[in-house]
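> If you use our numbering, the sequence shown corresponds to residues 40 to 117, in order.
Keep in mind that the hints were calculated from the coordinates and are not lab data.
Misleading hints may appear alongside valid ones.
For each label pair, taking beta carbons as the anchor points, the in silico distance ranges come out as [unchecked claim]:
#	residue 1	residue 2	range
1	Asn78	His50	50 to 56 Å
2	Ala53	Asn85	35 to 41 Å
3	Lys116	Asn85	44 to 50 Å
4	Gln43	Tyr81	34 to 40 Å
5	Asn78	Glu42	52 to 58 Å
6	Ser41	Glu64	47 to 53 Å
7	Asp99	Asp75	32 to 38 Å
8	Ala96	Glu72	56 to 62 Å
9	Asn78	Arg110	45 to 51 Å
10	Phe97	Arg77	39 to 45 Å
Restricting the straight-line Cα-Cα distance to at most 25 Å, the calculated cross-link-like pairs of lysine to any residue (SDA-like) are [unchecked claim]:
#	residue 1	residue 2
11	Lys71	Asp82
12	Lys70	Phe90
13	Lys71	Met51
14	Lys60	Leu45
Fair warning: this is a prediction, and the values are worked out from it, not measured in the lab.
Virtual Cβ for every residue (Gly too), placed ideally from N, Cα, C.
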Amino acid sequence: MSEQLLQQLIHMVAENNRLVKETQEELREFKKEMYDFRNEMYDFRNEMYAFRDEMYAFRDEMYEFRDDATRRLDRLKR
Numbered sequence: 040m041s042e043q044l045l046q047q048l049i050h051m052v053a054e055n056n057r058l059v060k061e062t063q064e065e066l067r068e069f070k071k072e073m074y075d076f077r078n079e080m081y082d083f084r085n086e087m088y089a090f091r092d093e094m095y096a097f098r099d100e101m102y103e104f105r106d107d108a109t110r111r112l113d114r115l116k117r
């Protein structure tokens, strides 16, 4: 091989290595962002479950209020 061809090959290998390292770093960053996003979604899901539980409790309170009001009105009618 000629010296010039060898230098071009070395340069191409070095450039390829640089691109691979750059791609690996971008992939690491992307994976970190995806894991962060997943954790945010889990947090959001937990907040929604807590909200749902609060709504069920509120609904139960409203049913109790309705039942109590119905009993009181029935007593007043008698």
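> Hint by hint, note whether the structure agrees.
Each hint, compared with the structure:
{"no.": "1", "hint": "Asn78 <-> His50: 50 to 56 Å", "in the structure": "violated (42 Å)"}
{"no.": "2", "hint": "Ala53 <-> Asn85: 35 to 41 Å", "in the structure": "violated (48 Å)"}
{"no.": "3", "hint": "Lys116 <-> Asn85: 44 to 50 Å", "in the structure": "holds (47 Å)"}
{"no.": "4", "hint": "Gln43 <-> Tyr81: 34 to 40 Å", "in the structure": "violated (57 Å)"}
{"no.": "5", "hint": "Asn78 <-> Glu42: 52 to 58 Å", "in the structure": "holds (54 Å)"}
{"no.": "6", "hint": "Ser41 <-> Glu64: 47 to 53 Å", "in the structure": "violated (35 Å)"}
{"no.": "7", "hint": "Asp99 <-> Asp75: 32 to 38 Å", "in the structure": "holds (37 Å)"}
{"no.": "8", "hint": "Ala96 <-> Glu72: 56 to 62 Å", "in the structure": "violated (36 Å)"}
{"no.": "9", "hint": "Asn78 <-> Arg110: 45 to 51 Å", "in the structure": "holds (48 Å)"}
{"no.": "10", "hint": "Phe97 <-> Arg77: 39 to 45 Å", "in the structure": "violated (30 Å)"}
{"no.": "11", "hint": "Lys71 <-> Asp82", "in the structure": "holds (16 Å)"}
{"no.": "12", "hint": "Lys70 <-> Phe90", "in the structure": "violated (30 Å)"}
{"no.": "13", "hint": "Lys71 <-> Met51", "in the structure": "violated (30 Å)"}
{"no.": "14", "hint": "Lys60 <-> Leu45", "in the structure": "holds (23 Å)"}
Comparing the model with each earlier hint shows violations of hints 1, 2, 4, 6, 8, 10, 12, 13; every other hint is respected.
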